[in-house]
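Visitor: The chain contents come next:
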Amino acid sequence: MQIPSGLEAGVEGDLLKAEVRDLDFYYGGFHALKHVTMPVHDRKVTALIGPSGCGKSTLLRCFNRMHDLYPGNRYAGGGIVLHPDNTNLLAQEVDPIEVRMRISMVFQKPNPFPKSIYENVAYSLRVRGMRNKNELDDRVEAALKGAALWNEVSNRLNELGANLSGGQQQRLCIARALASDPEIILFDEPTSALDPIATASIEELVTELKENVTILIVTHNMQQAARISDFTAYMYLGEMVEFGITDQIFIKPTKKATEDYITGRFG
Amino acid sequence: MLQSADLDAIRAIIARAKRWDMFFALLGILSLMVGVLTFTALFVDMAIQGVPRLDFEFFTSFPSRRAANAGILSAWVGTVLVMLVTALAAVPLGVAAGVYLEEYAPKNWITDIIEINISNLAGIPSIVYGLLALGLFVYYFGFGQSILSAGLTLALLILPVIIVATREAIRAIPQSIHEGSYACGATTWQTVSDHILPYSSAGILTGVIIGMARAIGETAPIITIGALTFIAFLPPAPFAGDPPAGLFEWIFAPFTVMPIQMFNWTSRPEAAFTVNAAAAGFVLVFMTLAMNGLAIYVRYRLRKNIKW
Amino acid sequence: MSASASAPSVSLPIGKGISDRLRKKASRHVKERIIEFLLFCAAAFSVFVTVAIVWVLVKESWVFFETVPLSDFLFDTQWTPLFDDAHYGIMVLLSGTITSSAVALVVAIPLGTVIALYLSEFAGFKLREIAKPFLELLGGVPTIVYGYFALTFLTPILQKIYPDLPGFNLLSAGLVMGVMIIPYVASLSEDAMRAVPMSLREGSYAMGATRLQTALWVVTPAATSGIASAYILGISRAVGETMILAVAAGMQPKLTFNPTEPGATITSYIVQVALGDLPHGSIGYQTIFAAGLTLLLMTLAFNLLGYWLRKRFREVY
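Residue numbers (my numbering), protein chains in the order written: chain F, 18 to 284; chain D, 367 to 674; chain P, 234 to 550.
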């Protein structure tokens, strides 16, 4: 196995939240991830970049076992070790539902449930069996504040989530993901369906969130990766080409392929 | 370059093609009119003959050998009770089957068999369900010619309708909603009960109403189980007797239903009974049209209101 | 939140340890499995229904065929099971079924196809929005009501044109049955036509074709198997229709292919027997199961053919 250069990159004293180790993944017969290895640093933002179809979303969706929902998907080797449990998330004995309770996700297109704003956020608490009204109220408020949405919706919590604007909907989905105190939040191109102003607010939010949460973000937008991430991974054709501190990747990538992609000569 | 003669020829061809277009559009409208006119004739004819017969007494009288005294009391009460049994049996079963096929079923031969089987059941003539009920419910299980036998027979008949409607309603829910729920850490059953069923309920309701409208008008399978056609008494009131056995006395009672009553009157030679048949038919058509109309309305509202 | 005391070093390969927090919980697993099993039972119940239908029909027919040889059943030209001189020639009932179905299809297939083409290729959005629910209403009218209509409205009109027509006849029943089937044929054909991708139509229009030319030369061929499966559904409906025939066609079994005569079909014979009080277990009682089995086999063949065609047409695009 070849460890891509820069894999051990990191700031002295950083903790690892998770490690992808030699991960292989198949969609039916298609080898979508090939021996992918990558660290995920605790309470840092890690960006996954690469051309369409390079496997970055596929990798992201391994973290909360979304692939389990569809037949024909196969984790074929290696794994993702979550710390401090030191457990392979992809192991047979691991309950995907437990994984998803600790690693939540924000999708490309805002997908609020057709329920009230309050119920949208409360849902991730309800699936954990939380029924106490006061506790729910507090947690929902905290999550909406965390997602910088509280001021806009505090007096209309019973309206449908779908009545919000696109950017607000996406922040509602972030609040939903935050409500359960996740350890990692996965963002799958969270701003690709939003206008520039909404995008800026989401980006700002992501930077604030990393105080408490580890963040993995897939993005098509290289400026975005440069702006908000601490680490960047460049993937191509299902392989991890280069991983490193974002500044280094963008200023002085070690691989020619990475440089070509970042400078826009390719992709 | 086109010569002007060619141009004329082409123009003539285009003009001819356009005339055919017009002709076909006319043909299309005429064909639709055949349906519209038949329906109008049927409805108006029945209304003219039957509506004058519709008075309070008609709804509160038992059938009688004297046409002028006969009414549909036992028929409409029977229809309501049979529909109650049908709904209680078919709705949970059909929705559960639809949910299983959309949300749980793995892609394997067992699922394939179930799917082919359901589409095949939808195509089996209703009278064959009647024969099934005669052999199975009436004699093998010994339910007799009762409300229970009739209700279960019609439940089997409309089961495919409800299953298909449930599946279509569920398929209309975007995948992103499923994923959003699972990403919150919901189990499959939590996803189904908190999201899938609530969001598809209007679509399922449409299917249930259409299925029930079909069941109300079904005649052949109920005749086949040997339902009596002359019933001058009411079954015991549901859930009113001494518990526990008395609560369910009504489901084993003999009965008649609206379409049977209408068939009975239609097959009499006297004109007075034909008028009764028209009146009963009018009530029956009114009921099924109202239900179908309700279903169409629910679906229309649903399409207008839903925002994903 | 996620604070751990020590930084784990990169340590390959992956250990087999599973933390308690992440391990599958038996309680949740069991509950989900029980629910899944119950839902599976509901879905599998439909298979049980089919098995029960086949079992009941075959069981009773078996007894019937122990008394009546299969060759008599298939080739005898008389159907008089309730007479002393009993004959059991299913051909007689089949002739009624075939004649009435043929009349119905002569109405339903051309009209249904034209309506489908019109709604799919010619009509505007508004007309389609009104016409489709209306067709559904037409299909939702109870068949007993259609039967009444055939007997008391259409037959007298037909008798004015053709005075020798008996009061009960296959023609009137077949015509009304045809109107009843139009919605099925039209609606399914239209679905198949609408499934033809817009790009095919645009290609045709770009060549200067008119709507009719596009409809006939591009859309119809592309939707053939879907349209065919709509026809087959129509046939299967016609064969299985009961009440219109029981009310308007008379119930005298007669080997005839003349629609202006009265006749019994497989379905109306079953109704006739069920209306009387034949003792359970008698040969007369068993004849309806033999007739029902014949009907089931016919519709089963049509359904499977239709299913196969639909499956094929889904794979085209």
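Treat the hints with care, since some could be wrong.
If you anchor each label on the Cβ, the simulated ranges turn out as follows [what the hints assert, rightly or not]:
#, chain 1, residue 1, chain 2, residue 2, range
1, D, 418, P, 359, 49 to 59 Å
2, D, 379, P, 369, 57 to 67 Å
3, P, 262, D, 669, 18 to 28 Å
4, P, 493, D, 666, 19 to 29 Å
5, P, 359, D, 477, 18 to 28 Å
6, D, 666, F, 238, 14 to 24 Å
Straight line, CA to CA, 35 Å or less: simulated DSBU-like cross-link-like pairs of lysine-lysine [to be verified]:
#, chain 1, residue 1, chain 2, residue 2
7, F, 132, P, 249
8, P, 249, P, 264
9, P, 264, F, 126
10, D, 473, P, 257
11, F, 227, F, 269
12, F, 51, F, 150
13, P, 258, F, 150
By construction, these hints were calculated from the structure, which means they are not laboratory data.
Backbone N, C-alpha and C define an ideal beta-carbon position, used for all residues, glycine too.
Visitor: Are the hints correct? Go through all of them and say.
Guide: Status of each hint after checking the structure:
1. 418/D to 359/P: 49 to 59 Å: violated (37 Å)
2. 379/D to 369/P: 57 to 67 Å: Hint violated: Cβ distance 40 Å, outside 57 to 67 Å.
3. 262/P to 669/D: 18 to 28 Å: violated (39 Å)
4. 493/P to 666/D: 19 to 29 Å: violated (44 Å)
5. 359/P to 477/D: 18 to 28 Å: violated (40 Å)
6. 666/D to 238/F: 14 to 24 Å: Taking Cβ atoms as reference, residue 666/D and residue 238/F lie about 41 Å apart, which means the hint is violated.
7. 132/F to 249/P: Violated, at roughly 41 Å.
8. 249/P to 264/P: holds (27 Å)
9. 264/P to 126/F: Holds, at about 32 Å.
10. 473/D to 257/P: holds (24 Å)
11. 227/F to 269/F: holds (25 Å)
12. 51/F to 150/F: Roughly 47 Å between the alpha carbons, so the hint for residue 51/F and residue 150/F is violated.
13. 258/P to 150/F: holds (26 Å)
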